[in-house]
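Novice: Top line first, the protein sequences correspond to chains A and B.
Take the first sequence: its letter number 115 is residue 115 in this note's numbering, and every next letter is one higher.
Remember, this note's numbering sits 1000 above the position in the second sequence when you count from 1.
For the record, the hints were derived by calculation from the structure and aren't laboratory data.
Keep in mind it's a predicted model, so treat the numbers as computed, not measured.
Incorrect hints may have been included.
To be verified - Each pair of labels, with its calculated beta carbon distance range:
#, chain 1, residue 1, chain 2, residue 2, range
1, B, E1064, A, D8, 35 to 43 Å
2, A, E251, B, P1027, 27 to 35 Å
3, A, G302, B, A1278, 28 to 36 Å
4, A, Q371, B, V1184, 56 to 64 Å
5, B, G1368, A, R30, 25 to 33 Å
6, A, H354, B, S1308, 21 to 29 Å
7, B, A1105, A, S358, 34 to 42 Å
8, B, E1003, A, L50, 32 to 40 Å
9, A, G302, B, P1280, 26 to 34 Å
By construction, the Cβ of each residue, glycine as well, lies at the ideal position given by its N, Cα and C atoms.
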Amino acid sequence: MDLSLTEDQLFMRDEANRFLAERATSEAVRAAIASGGFDKALWDSISNELGWCGIAIPEDAGGLGLGAFEMVLLLEEIGRRLAPVPFWTTVSVCAPVIRVLATDETRLALLGRIASGNAAATVALPRPAANDPFEAIEFNAEPDGRGWILSGRCAAVFNLACADLVVVPARLNERPALFAVERSSLSAIAPHDTLDPTMPVAPLSLAGVPVGADARIDRGDLDTGDFAAPLLWARLGLAAEQVGAASGCLELTLAYISERVQFGRSIASFQAVKHRCAELLVRIGEARSLLYGAAACLDAGGDDVAREIEGAGVLASEALWHAAEEAIQLHGGVGNTWEYDPHLYLRRAQATAHLFGSADAKLSRLAEFLQEAAA
Amino acid sequence: MNEQNLSAFRAEVADWMKANLCGRFAPLVDRGHAGDGDALPDLRKEWERELAGGGWTCPGWPAEYGGRALSVAEQVAFQEEYARAGGPGRLGHIGEGLLGPTLIAFGTETQKQRFLPPIREGREIWCQGYSEPEAGSDLANIKTRARLDPETGDWLVTGQKVWTSLAHLSDWIFVVARCDEGSVGPKGLIFLLMPLDQKGIEIHPIRQIGGGSEFNSVFFDDARVSADCVVGQPGDGWRIAMTLLSFERGLSTLGQQMGFQRELQLIAVLARENGAAADPAIKMRIARAWVGLRAMRYMAMRMLADSSDPQAKLESLGYKYQWSHWHRDLGKLGMDVLGFSGASATDDPRTEKLRQLFFFTRADTVYGGTSEIQLNIIAERGLGMPKEPRGGTA
């Protein structure tokens, strides 16, 4: 396994970094927060002009055919600026579900739409905070002539209001099935007042909504266990955004403390301050290393990849929390004001801390893994 | 080398270890590592010669100096397989990993001819004379003096080195000393190769908190070294000393981690045997240790990849801090798994190993640059924060 970044990967990451530094500024993010947590112009650039959504979509479906590693590099940059775009749900959550579980025909059609930048997408995960988010599917599908009737409710769907395409898992004859629903066909969405305003969440209620025959996209005979493989991408992608956000949070903290003067000297010259920043860098580096290792494992198709991704999820979530907490402390008084950005990272850290299970839940699952492996 | 050849190479190392680390060498399995460095010295010296006979000493050195010129990937594979087999701590490490590469880079032809073969053959053991009572974290504050004896042209060395690992088992020591009277800091230093067995040198073991004595004080009183044992030019000592340290990082890292993995496995096995693993808090700590170890593995791979990624270079500054704190926590975890019974000695060598681990890992965050110095380095070199002010030249 080689964990060095190729010239192409470095170039891609640096270009993404440069682009987002211009477009996802603090002012732009705050403007998007005021309008529902979605920066449509930025999303159009990313999806349409730059074609980032096709990063890990196979070439036969119109994507770039690159891997999890490249996806991670882009998500880090998105996370670094808390860019308010539905990139994670589109590329890491929805596209892998379609790629792995859809019929050939719908796979090509829907991935083609995503890759060409014509669909922001999401999945109505029944239990986003559970280790297995598909453990209790609460939508039901019933045949209706040549089509289907969908009913049920999902309390929290990420990026629902800005999505074009919503993949809805529903029970059909006691087995899971997948339906692709156009968001434009749904009644008005009422977003939650979320902790993290850059990652909007809304409930989805379907009360006997009729959809056409072609809305069903799964390849049939699904088991809940079949979701595990595509969900690895969602978990990994979340960790990537968190690691990127932790780095962004450290950067803005370093920028602030290098300007701030007390006792006649820059507060960055105090060893108490230096050491906190250095320790934070260590923790972020640790999380990023496991993130890259996990991404490389996912691309290589190793058996142990689920463990590596679980571990990366623990370290990434903790690194972001630590970064946000330290950012507020090191900003001092202004770190507690709305005007300065640390709280945006604090919000992201806490809002994502329970996705796919808390760090403790992940660790205890790892502990079970390890005990089974040792037995 | 492709993956297939690499796994054949791994198998070759593993086979050799299996065929040789047995019989009279069997007592060496898992012995002699940090914290246990003074264990079974005579047998370990024999082991060095056994390794040399198999062609496994200095495998990364160029062929012209008797090495096998193995690639980085092969050297890593060797280190990992050596550790996986429970290979003992290497008495030859300082010569092979630090001094040898330094002589290959800076030594004269005569020095290479004189010193490299016995290192490769496992016949001469080296130790490192850097730290002094007044030169710990402030390593450049060296007081040991070297003065030229006008009659013989030899250098005469007077002063004290401290924390010298395994000096009492070594044949030679390399010493950084001050050769320009009145110079301060990194200027005016000289890098000398000195035989330990001479009347101007006394070695006093230091008893450590775990009871063992890997470290020593080495006292020099007009100890003599001939002029052809100066590496580089007088005054050039700091640059050579620092280059030597740069050889230390990297390659042995993955082997060290394989050792960590064996320790973690041992702790997990004992936790299962004595029931500690039923405690959810212990289980979680074992899982957390596992996560940390995986992260270190990938960090080491990012470091070894030698890429042009500035992010990887920056984060590699944190590696010492990362592993030493991880290892110190592991030392505590081992004792907590033993529980109250860990407070009394037993005749189970596995629990004795954990007791030693507990004590020695206290030193991990001190030697090789304390955690505080590591954080300064990360902040200053990595994050561009202002440098610590220096005191006067007391």
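Novice: Evaluate each hint against the coordinates.
Specialist: Comparing the hints with the structure gives:
1. B:E1064 with A:D8: 35 to 43 Å: holds, 37 Å
2. A:E251 with B:P1027: 27 to 35 Å: For P1027 of chain B against E251 of chain A, whose Cβ atoms are near 53 Å apart, the range 27 to 35 Å is violated.
3. A:G302 with B:A1278: 28 to 36 Å: holds, 30 Å
4. A:Q371 with B:V1184: 56 to 64 Å: holds, 57 Å
5. B:G1368 with A:R30: 25 to 33 Å: Violated - the Cβ-Cβ distance for G1368 of chain B and R30 of chain A, about 46 Å, lies outside 25 to 33 Å.
6. A:H354 with B:S1308: 21 to 29 Å: violated, 38 Å
7. B:A1105 with A:S358: 34 to 42 Å: Given a distance of about 51 Å, which is not inside 34 to 42 Å, the answer is violated.
8. B:E1003 with A:L50: 32 to 40 Å: holds, 35 Å
9. A:G302 with B:P1280: 26 to 34 Å: Given range 26 to 34 Å: holds, Cβ gap about 28 Å.
Of the numbered hints stated above, those contradicted by the structure are hints 2, 5, 6, 7, listed in ascending order.
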